[in-house]
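Novice: Residue strings, one per chain:
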Amino acid sequence: MTRVAIAGFGITKFSKEDVKIESVLMNATRDLFSNTPNLTQKDIDGVLVSSNSNSKYLSAILSEIVGIQPSIAHSVESLCNSGTNSIVSAYSYISSGLADVILVSGAERYDSPGQVLEWDKLRGEFKHPIFWASLFSKSYKRKYRITDEALALVSVKNHKQAVNNPYALSQKEFSIEDVLTSKKLTEDLRLLDCSRPCTGGASILLVSENYCKNFTDSPIWISGLGQKTTSASFTKNLTFDNMESTKIAATKAYEMSNHKSKDIDVIELHDAFSVCEPMALESLGMVDQGKGTEMVKEAYQTGNAKINPRGGLIGSGHPLGATGIAQTIEIVQQLQLEAGKRQVDNPKVGLVHNMSAAATSSTVLVLES
Amino acid sequence: MNFDSELKKGNLIVSECINCKKITWPPSEFCNQCLKRTSWRKCSNQGKIIEFSKQNDTCFGIIEFEKSFRIMGTIVEGVPDINKTVEVLDCGISDNDYYLKMKVVE
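So the sequences go chain by chain: A and B.
Just so we're aligned: the first sequence equals residues 1 to 369 in our numbering.
Just so we're aligned: the second sequence equals residues 370 to 475 in our numbering.
Keep in mind that the hints were calculated from the coordinates and are not lab data.
Errors might be hidden in some of the hints.
[What the hints assert, rightly or not] Only some residues are given here: those of chain B computed to face chain A with a beta carbon under 7 Å:
{"no.": "1", "residue": "G379"}
{"no.": "2", "residue": "I392"}
{"no.": "3", "residue": "P395"}
{"no.": "4", "residue": "F399"}
{"no.": "5", "residue": "K417"}
{"no.": "6", "residue": "E420"}
{"no.": "7", "residue": "S422"}
{"no.": "8", "residue": "K423"}
{"no.": "9", "residue": "Q424"}
{"no.": "10", "residue": "I431"}
{"no.": "11", "residue": "M441"}
{"no.": "12", "residue": "D466"}
{"no.": "13", "residue": "Y467"}
{"no.": "14", "residue": "Y468"}
[As the list claims (entries may be wrong)] Listed next, the in silico DSS-like pairs over lysine-lysine satisfying Cα-Cα at most 27 Å (straight line):
{"no.": "15", "chain 1": "B", "residue 1": "K472", "chain 2": "A", "residue 2": "K127"}
{"no.": "16", "chain 1": "B", "residue 1": "K436", "chain 2": "A", "residue 2": "K247"}
{"no.": "17", "chain 1": "B", "residue 1": "K423", "chain 2": "A", "residue 2": "K291"}
{"no.": "18", "chain 1": "B", "residue 1": "K378", "chain 2": "A", "residue 2": "K143"}
Using N, Cα and C, we set each Cβ at its ideal position, and we do this for glycine too.
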């Protein structure tokens, strides 16, 4: 089994703009070609598109637009973790020997149909993600005696970090008071506790070990992958104060990479809502149960950007199909020591955590230089 | 007879496997354990509050029925709290969405 590296990437600015999904895919891919000078269309064996758009045949369309005739071309859809799931698919094609070079491109529009899961009728009229997030927040706060202020700090930190990310939707800092006085959506959720849907695209190039030197001098290796889907319906989560699918996916990814949670130097995790950050830190084994907000506070107070350096979903925006790929690009840049103002101190091992539909599904990647 | 047609009439029913007797949820004509056919039966009209929150004056929450399956609905009467028992006052389908209205049994 060949090792698989990330050898190139491209991204668009995340925005509220009304851009066709095909154009978003094209723009992220044009940026990838521009960042990867030795890459030509003929090098690419496969094109995978990650999106929740209702548009069909997007991998063939993207290939046509940018002049690729791939052997492998299809879409990957899994709501909010479509992006990392498409990276896992590309990894599998390469490690099995079916392909050497795969372009993965994720894109979403601000009005994505992936924001509501029609299947989950057990949510009744409470279909919008703010309702599961409210119940997660309520449950988490009660179990561990966490205050609204402690959760608000997640949003404060991630908005602050996003200011150094030129592709982020938000470029503004907020105080704890701003978060706590932002529009009240429910008893347990304010507007600034939420990531926002947006238009954005991200592309990444996965290559086999033999080919990676053709495209980069600083490959980043995918050394661990883990996935778990526990259900589709939110109410089937066993508990609402931790992420069972994340725990299982992380265990698999650590085992495959021969790393432990303490080895992780930088992490992009799925902060769809502020409560998700401490819950994910705990479910990833970074900190004991109930101590996630303390880890967030310490990182904020010491100016350590190791948790969500690009601003996470709350600061960067959440273009569903592009999110997992944008998270992965951030970890690649961090490990290449090319993250500019966002750079954390000399990281060697990084982690990506991407999940769907109230943590009913999670994907975890471990990357290293 | 199916879940939606009964819910439209205000009846909350469950799908129970004719073979292994497990309840499949979300409701289905086939068991998700042994994949045999299920039959429909009336559900207990009392459940337990697993979690709840509030939007404006509407209290919504996850209710567990028969120590088995969970559904979201609104708690329209009484003071909700975790583990309190609720009773179904009304259920149905409105604008394509299931709805369940409950009161706290004090």
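Novice: Which earlier hints can't be squared with this structure?
Specialist: When the structure is compared with the hints, numbers 1, 2, 4, 5 and 18 turn out to be violated.
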